[in-house]
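Asker: What follows is the residue order along each chain.
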Amino acid sequence: MSSTEYISSLLPLELALVRDEIRGYAEGFGLDFFEVIFEMVDHEQINSLAALGGFPVRYPHWRFGMDYDQLSKGYSWGLQKIYEMVINTNPSYAYLMKSNNLVDQKMVIAHVYGHVDFFKNNYWFSQTNRKMLDTMANHAVKIRNAMDRYGQERVENFIDRCLAIENLIDPYLPFSNQKKRESSASSGYRGLGHNDDQDAAAIEPGRIKSERQYMDQYINPPEFIEEQKKKLEQQAKKSKKNPPEPQKDILAYLLENAPLESWERDVLTIIRDESYYFAPQAQTKIMNEGWASYWHSRIMTQKALKDSEVIDFADHHAGTMAMQPGKINPYKVGVELLRDIEERWDRGKFGKEYEDCDDMVAKAKWDRKLGLGRQKIFEVRRVCNDVTFIDEYLTEEFVERFKLYTYAFNRRTNQYEIVDRDFKKVKEKLLFQLTNLGQPFIYVLDGNFQNKGELLLGHKHQGLDLDVRWSRETMRALGDIWKRPVSVETEVDGQKKLFSYQNGEFSEKFL
Amino acid sequence: MIYNIKRDHARFRSIVKGKIKQDLKKYVTHGEMIGRKGKDLVTIPLPQIEIPHFRFGDKEQGGVGQGEGKPGDPVGQGDSEPAEGKAGDQAGNHILEVDLTLQELAEILGEQLALPKIEPRGHKTLKSKTERYTGIANTGPNSLRHYKRTFKETLRRQIATGIYNPENPVIIPTRKDMRYRSWKTDVRHENNAVIIYMMDVSGSMGDEQKEIVRTEAFWIDTWLRSQYKGIETRYIIHDATAREVDEDTFFRTRESGGTLISSAYKLCEKIIETDYPPSDWNIYPFHFSDGDNWSGEDTRLCLEILGKNLLRICNVFCYGQVESRYGSGQFYKDLKEAFGSDHESVILSKIENKEGILQSIKDFLGKGK
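As given, the protein sequences belong to chains U and G, one line each in that order. Numbering-wise (the numbering used here), the first sequence opens with residue 1 and increments by one. Numbering-wise (the numbering used here), the second sequence opens with residue 1 and increments by one.
Hints are computed from structural coordinates only; laboratory data are not their basis. Treat each hint with caution, since some may be false.
Heads up, simulated SDA-like pairs for lysine to any residue below, C-alpha to C-alpha not over 25 Å straight-line [unchecked claim]: (1) G/Lys17 to G/Asp342; (2) G/Lys362 to U/Gln70; (3) U/Lys306 to U/Leu13; (4) G/Lys26 to G/Arg325; (5) G/Lys17 to U/His61; (6) U/Lys73 to G/Glu107; (7) U/Lys509 to U/Glu491; (8) G/Lys26 to U/Gln70; (9) U/Lys73 to G/Gln48; (10) G/Lys70 to U/Ala322; (11) U/Lys73 to G/Leu224; (12) U/Lys427 to U/Thr395; (13) G/Lys26 to U/Lys403; (14) U/Lys73 to G/Leu46; (15) U/Lys365 to U/Arg339; (16) U/Lys460 to G/Lys70; (17) G/Lys333 to G/Thr241; (18) U/Lys497 to G/Lys350; (19) G/Lys17 to U/Leu163; (20) G/Lys350 to G/Gln158; (21) G/Lys21 to G/Gln48; (22) U/Lys496 to G/Arg55; (23) U/Lys98 to U/Lys306; (24) G/Lys362 to G/Gln330; (25) U/Lys403 to G/Lys17; (26) U/Lys248 to G/Glu50.
Selected chain U positions facing chain G (Cβ under 7 Å, derived; list incomplete) [unchecked claim]: (27) Asn100; (28) Leu163; (29) Ile328; (30) Val361; (31) Ala364; (32) Phe402; (33) Lys429.
Estimated spans, in silico, between C-beta atoms of each pair [what the hints assert, rightly or not]: (34) U/Ala137 to G/Ala160: 58 to 68 Å; (35) U/Leu431 to G/Thr249: 34 to 44 Å; (36) U/Lys509 to G/Gly57: 14 to 24 Å; (37) G/Val170 to U/Leu102: 29 to 39 Å; (38) G/Pro71 to U/Leu431: 19 to 29 Å.
Treat the numbers as computed from the prediction; the structure is a model and nothing was measured. All C-beta atoms, glycine included, are put in the ideal place defined by N, C-alpha and C.
The shape of chain G in the complex, shown without the other chains (with noise of 0.2 Å):
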């Protein structure tokens, strides 16, 4: 009875990923709808195309409100979305607060992003055995017993020998009659995986390029730990030294000074070899820069680390370039040629501002590595 939406939708799909309609593309909006992870809130994706109207700048506006509060109080959200109200043919919508939990909003992400499920490396799966009640069986202990189907059984035959009376419907079972409960064993895979993010806080990083380094920390974080049950993070940060820190200060930091982005790599390796045997390990080093690096000599000597040590034993080595007014980017180059775009086992991106976030995950998460 309806009219085909998918039809409509698929479109609108495809003109969010810029295949057709190019001219569409300036009005996507990636709005968020809001959920809840444990106590913080989290945004789930939302991308949307606004089409244009005349209308009045939206700070000027201001509106009428209900509540309690003096002049001068600041009110909660002038332009978040109303609960309700719709007009009369149309929704009534009703919000609810969930709680999300971590693997819904890695689904959630991984929906959104076409993301693959990750394949860990063979050798390093280590066998647990879990057991779940999928099935009936002729014999078990009696807290197991099944009570319904024990009754089924038993008015079964009853009924079919002829014992049954209708006026009388005594049940009686006996030992033939009784079905329990019984299980499978199921072997899982268990993978354990460490994180190790560096990032350089040297002097041109700025608060803009930290947050999206947060975000996408985050994200990368909720699908890591949706893919392996045993998730570890070490953080890095380096300007012309490096030293490992907590995640707090991870985030925080600000330095000024030069970039020796070798220091960092050697502290990942080191940390690497100290707690996480890559036969144990899946290994993950993610490393955001603004592209900056000291000298050549140094970039070589980067260059040498990840091709001798680094990329053998990391499932894949993530470097993220965020585009900063101070950068030159030069660092993504050198990797580039060193490595070329499609190495297996390096995955390089360029995170232009907030909006590329998205897409630079995909290009880390999306080879399912």
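Pulled out of the complex, with its shape left as it was, chain U reads as follows (with noise of 0.2 Å):
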């Protein structure tokens, strides 16, 4: 494809060329990405992108200002700069800041196929809106609609309610079978005006499959199908629960059930879809960004940089690397365990064989030179999201060998210390942090609890206790847009506790 195909108007020609060039090399590495528009902004313009997630066009909200202050602020006093930005779309879009020199252009720029080829292929990926830039555009109108007709204060004050609970969603969702899907997203919504004998017609039991057709009353005989149909039909009956099961989606389930004005659904509606869209992009953060370093210093190392580069290549990139006590840096760990495990699977260092063998020395020098490395870290990148990554692939030696440990905060000499360095420990960890992101996992139980039309949602204790303080003010936000009192079922020191808040009241009591 030669240079003028694509929007190299934006671009000098100097890195027109320099992009073509390192494109080359990705595809000659076997990436596979969408188009990749890059533009060249100035440090105004890429502080204002950053503030808006990465979208020229957002609705207006005063976050965004929050976040631009401090990325200017930040930009100005010297403290800190951003280097690259790209938004998983397609075409894709990616900004490159006009003050780095060129070395650090090029650098940035194979930092962002590697990210454009994890968005297009990456199976977390799949299910993302790859129009996002029109669908931002589109709900920024939408929203300066209702603010003209109802005033700016009123829509933003929702949406800041919206947005205290915008984690509320079930990244899953998407990913789960057609069935539950459409489930969570209409009928098992039951309002109270709703149909049952709809229901009815489509409560079928379970049959056995059989190729033969003559077989059929002796596999699946129909006595015993009519009476497993009863059955299910009195559970029906019986489950006038509302959701009938816990509910993770707790944005869908307020806007099947809350009392709202059709602009304020279409508000939360709004949140609920920019949540889910960028769900992914957190659940595959040390892939994504490990994925796309991995990419980086390859192409760079191996084929674009020029002997006087080297330096300020290496300066940058050991920056950008660097590890900090008391936390991961994403594209530290992701590197590393991609060249890890790019490296067993060129040794052979995997499989019952290995696993079992039980001298170091031998394990230490194995290699069955299967050269497997590449393709196996191709197969990884399609497949895995954070957790699954750090699940099937950090072993005991990578947590030695990078110094790994566990910290916790102690009470008595008020500060954080290391706990431990065992593997196990370490790796239990790390996914609890990764798993729903680090954050509770709340459900909604009953969306008409005490039989009043109020609101119980549950916590889901995993050995950590809710902060009380915000919990509360969640729960603020929650009641005004329920518009009756809330409710959280949660454990506080071991506790069984209910939370209750109702009309600006707090309220709790042990269960």
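Two chains, two separate frames, one set of hints: put the complex together.
Answerer: Encoded structure:
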């Protein structure tokens, strides 16, 4: 493809040539990406874009201004600087900072192709809206119209409420089977006026499949099927509960059941859509950054780097990979784990024979010369998210080599302290932080709590208590949306407790 | 191409200032960005509004880190900002460590609080001259010869007169072609200023109150230093008696016993008298206390000292009252009664807690005196 075919007018010629060069290397390595449109921006623009989550048009909201405030202060006092930004759309948009020097631009371009390959091929991005640029712009129009009609303050206040609960979605919902998705999206939320006959018709007991039709009445005896059908019908009548089972997508539940005006419904739908759009990026932070870093370093060190650029590249790369105490740098962990996998599969360090080997020396020297590494990491990038990535590929040797540890707050000394270097504990902690993005699992349990139309949520307690102050404030927001009392069932210091919110008042009691 | 973020930004700032959407006020946190001043870390105020979510308690959580150390060793900082690491579509930030000069810090402060530049009192200014190279002259010493301009001038003349030969581009300047750097003399007004800090160290002033005074004093110092070239600071502590101390003692001392504020004011008066003739100095006395004075008698004495002498010779007299569990806060009321809240050379401020520091600094310095 010649460089004139894609939008090269946006880039100065020198950079357009660099881009074409790097694009060629990336394709040569087998990366498969959407078209990427690079745009040159100055620091003012990149700070604005970053504050808006990468999208040039968003609805008006003060929190974008807050992020901008922070970014531009950080930039103008020389404390931080954004190097790269890329949006997951098709075609993808990436921004290059005008003031960066050429070697930085090269590195960013290579890094961006890595990200876009990941966006295009990773399973967890398979359900995202690739026209999000337009969708976001439409959201902006809708919200501005609502503001014109109902007043900025009123609409913005409602957005504030919705943002307090924007994380109460079910990121796995888009990947569950059709039936569950539908039931979660609509019929699962039986409103009061719901027609029950339709449901009865849908109830059909499971049958065992059989190739031979003449055998059917023996495999699935009619009396038995009849009996099962009755049982199911009875069950269906009993479970008038709404929702029938705990529901994680609380935003969807509110959309179906909360007494919302139509503009409020629009706002909540918008918040929910955007939340689902951003969810996979949070779910694959380590993998995505790791993958992009793997490719920028491979492309730069093996192909694109000139002798005179080595120092600058090394300096910048090291800055990106730096670890801070008490924090996991997703760039670093991601890239190292990918390299580890590549090496293990190149040398055949996997499978039963390797696992069962007791001889540490033999294990260290293990090399079956399989050369499967490259193929393996492409497979990993296709199927994994951060949770499965760590669960499947974090090894004891890796934890030891990278000196990972768990830490916790010690109340006696009033500081964070290292607790353990045990492989299992480290892995467990890491997985815990990644599962549900390290946020508490909250479900809707009942939309007619105490038979008074109150909302009951449940916190699935897994060893950590909720922060009481923030929970209350969140319940206040929920209460404003639900317009009736809201309660949360949780555990505090090992005891079951019920927090309730009603008309500006909080109360709590033991269960 | 980019939706105008300035409007969102303005809205955010109005919320932080409490002008609109009061209900969000309680979510405003005064975060900080870390900078460096010499070897000390300093922070740049960074207000943020935190949107509530269901989440785990901060200290509950812990996490996974990397590095040396054995179990029980402290981890750097559990909740500091990560150097890198937003999601793929977002910003990869690169934190640099920089040296912020005092001047820059003061600018940040000035911008944050919209502080006016201080107008020094006219008759106290001393003039000093500095020379700056700003232009080009036709004559001058050889050491200031401007090579490039001279070359250009010669080239221009040679082309104009037809002497210049592209085949053999020899350039020979004549005396007339010579150009020299020239300078301009800037007259600068220099001002001297002295800050006299006074603090009540009686039993009721606890560590938290002192921490507030210390923070506030640092920023006041930084700001005034950016406004005056030569600045001196003096420290007075007092309970029932007053004495002058060094900076370290000033912030550390904890005494007990009663409070006679007049003792400090008298000492302040004396220091000014001996060392800082008001005709040459801008004088800034700052007094911090929890508002308890021993007796109404002593308060009357204080007001007398202020009214008769101190207020006439100071640029502005600042009184900051730090909220404490034991203090009655009476002294603030007394001062307010005596001078009103609009007195041109008395500024009163109440500091309720750490969050109140910024507002209080603005109270003190916002008038540009």
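Asker: 29 to 39 Å was suggested as the range; check whether the CB atoms of G/Val170 and U/Leu102 agree with it.
Answerer: 38 Å, holds
Asker: Within 58 to 68 Å: is that where the Cβ-Cβ distance between U/Ala137 and G/Ala160 falls?
Answerer: Holds - the Cβ-Cβ distance for U/Ala137 and G/Ala160, about 59 Å, lies within 58 to 68 Å.
Asker: With the threshold set at 25 Å, check whether the alpha-carbon distance from U/Lys73 to G/Gln48 stays at or below it.
Answerer: 13 Å, holds
Asker: Evaluate the given range 19 to 29 Å for the C-beta pair formed by G/Pro71 and U/Leu431.
Answerer: 21 Å, holds
Asker: Going straight from one Cα to the other, do G/Lys21 and G/Gln48 come out at no more than 25 Å?
Answerer: 14 Å, holds
Asker: Measure nothing beyond the straight line between the CA atoms of U/Lys306 and U/Leu13; if it is 25 Å or shorter, mark the hint as holding.
Answerer: 19 Å, holds
Asker: Please work out if U/Lys497 and G/Lys350 have their alpha carbons no farther apart than 25 Å.
Answerer: Violated - the C-alpha atoms of G/Lys350 and U/Lys497 are around 41 Å apart, more than 25 Å.
Asker: Does the alpha-carbon distance linking G/Lys26 and U/Gln70 stay inside the 25 Å limit?
Answerer: Roughly 19 Å separates the two Cα atoms, so the pair holds.
Asker: Holds or violated: U/Lys496 and G/Arg55, Cα atoms, limit 25 Å.
Answerer: Holds, because 17 Å separates the two Cα atoms, which is no more than 25 Å.
Asker: Hint check: U/Lys403 vs G/Lys17, CA-CA at most 25 Å. Holds or violated?
Answerer: With a Cα-Cα distance of about 45 Å, the restraint between U/Lys403 and G/Lys17 is violated, given a limit of 25 Å.
Asker: Less than 7 Å between beta-carbons is the criterion; does U/Leu163 satisfy it with respect to chain G?
Answerer: Check passed: Cβ of U/Leu163 comes within 5 Å of chain G, closer than 7 Å.
Asker: Regarding the pair U/Lys73 and G/Leu46, is the alpha-carbon distance no greater than 25 Å?
Answerer: At roughly 9 Å apart (the allowed maximum being 25 Å), G/Leu46 and U/Lys73 satisfy the hint.
Hint violations for this structure: numbers 13, 16, 18, 20, 25, 27, 30, 31 and 35, all remaining hints satisfied.
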